[in-house]
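Sequences and hints are given; from them, build the entire structure.
So you can see what is in the structure, the chains are spelled out below.
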Amino acid sequence: DAGVIQSPRHEVTEMGQEVTLRCKPISGHDYLFWYRQTMMRGLELLIYFNNNVPIDDSGMPEDRFSAKMPNASFSTLKIQPSEPRDSAVYFCASSWGLAGTYEQYFGPGTRLTVT
Amino acid sequence: DAKTTQPNSMESNEEEPVHLPCNHSTISGTDYIHWYRQLPSQGPEYVIHGLTSNVNNRMASLAIAEDRKSSTLILHRATLRDAAVYYCILRDAPNNAGNMLTFGGGTRLMVKP
Chain A
1 DAGVIQSPRH EVTEMGQEVT LRCKPISGHD YLFWYRQTMM RGLELLIYFN
51 NNVPIDDSGM PEDRFSAKMP NASFSTLKIQ PSEPRDSAVY FCASSWGLAG
101 TYEQYFGPGT RLTVT
Chain B
1001 DAKTTQPNSM ESNEEEPVHL PCNHSTISGT DYIHWYRQLP SQGPEYVIHG
1051 LTSNVNNRMA SLAIAEDRKS STLILHRATL RDAAVYYCIL RDAPNNAGNM
1101 LTFGGGTRLM VKP
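Line by line, the protein sequences give chains A and B.
Number 37 in this note's numbering belongs to position 37 of the first sequence; there are no gaps in the numbering.
If you want this note's numbering, it's the position in the second sequence, counting the first as 1, plus 1000.
It cannot be assumed that every hint is accurate.
Said to hold, decoys possible - Distance condition first, Cα-Cα at most 20 Å in a straight line; then the derived SDA-like pairs of lysine to any residue: (1) B:K1003 / A:G42; (2) B:K1003 / A:E44; (3) B:K1003 / A:R41; (4) B:K1003 / A:G59; (5) A:K24 / B:Y1046; (6) B:K1003 / A:K24.
Treat the hints as calculated values from the structure; they're not laboratory data.
This is the structure in structure tokens:
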């Protein structure tokens, strides 16, 4: 099992540019999560999907952020336009369920730097 | 998720046991106690979880107090690879709707050779 796959692993872009982060969850998992980690705020949940449908996007910081899951094996997180304060590590995770008995599996993350 | 309290950091010697404490005095009867860890430059990884009884797996042991207001993650023989931030998280067992992983500050474990 390859685990959760994220690409790219590193992204450096200039302010104002569009950034797209990609995630492939573990096959068979019904839930997909996007997190952001910064030194100041730690790990925060941005949005999560169930069966490809966005359920809760209350953690998305602004309208500049959008996420999609066109099928069970692919999700994107897009930032347009990007700003320096978006610099962070973005993690994707997946799981079979939400109940307290299920663990989440995290990808290696995408380190985003916006200059 | 109910709040947990962990020490900011701990230090251990290689090949010695490590006991990482977590207080969760407001835990509810249906909350599972989960532990995750985050190695440097990696995503968080699941370590172990339990409800009432002590639990063992290949990575660690989880000791849960009888009143469930505290728990301890036990690494039986720390290795340099165990240096990480360890997060103690409570998750409601039946509450699917709002049962998110909420990460606090965790405990940064440093392992000395």
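Evaluated hints:
no. : hint            : result
1   : B:K1003 / A:G42 : 15 Å, holds
2   : B:K1003 / A:E44 : 15 Å, holds
3   : B:K1003 / A:R41 : 16 Å, holds
4   : B:K1003 / A:G59 : 19 Å, holds
5   : A:K24 / B:Y1046 : 19 Å, holds
6   : B:K1003 / A:K24 : 31 Å, violated
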